[in-house]
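Construct all of the structure, not just a fragment, from the sequences and the given hints.
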Amino acid sequence: MSPKKKPSRLIYNRVRLLRTDRGMSRTELASLVDVNPQTIGALERGDHSPSLDLAFRICEVFQLPVEAVFSLTEFRPLSAEFSPHHSARNS
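Following numbering that gives the first Met the number 0, the residues of the sequence shown are numbered contiguously, the last one being 90.
Treat the hints as calculated values from the structure; they're not laboratory data.
Where is the CB? At the ideal position from N, CA and C, for every residue including glycine.
The reader is advised that the hints may include incorrect statements.
To be verified - Simulated DEER-style distance windows between Cβ atoms:
hint	residue 1	residue 2	range
1	Phe55	Leu16	16 to 22 Å
2	Leu9	Arg56	16 to 22 Å
3	Asn35	Phe55	27 to 33 Å
4	Asn35	Pro76	27 to 33 Å
5	Glu27	Phe55	14 to 20 Å
6	Gln37	Arg75	15 to 21 Å
7	Arg75	Asn35	29 to 35 Å
8	Glu73	Thr19	27 to 33 Å
9	Thr19	Arg75	16 to 22 Å
10	Asp52	Arg8	26 to 32 Å
11	Thr26	Leu71	25 to 31 Å
The following block contains the structure:
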């Protein structure tokens, strides 16, 4: 990957969280989506925005919809989204 400046609009993602939760290395994920491990690292740091094609390939690996992995706004912690107390408080 050639050095590029940070994207003008940050695309938040859960790639690192999902990858580590599955015990997967950057190299393993990179191989599955046909990019180099540095690209995965740059995505995880927010230094690189994925192409639409790459975003779909990553989502396919994790078997999740795009909106569960990528967002234009910051994600809330997963524990807040899936906590039984969270849904009761917001009802």
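> Which earlier hints can't be squared with this structure?
Replying inline: 3, 6, 8, 10
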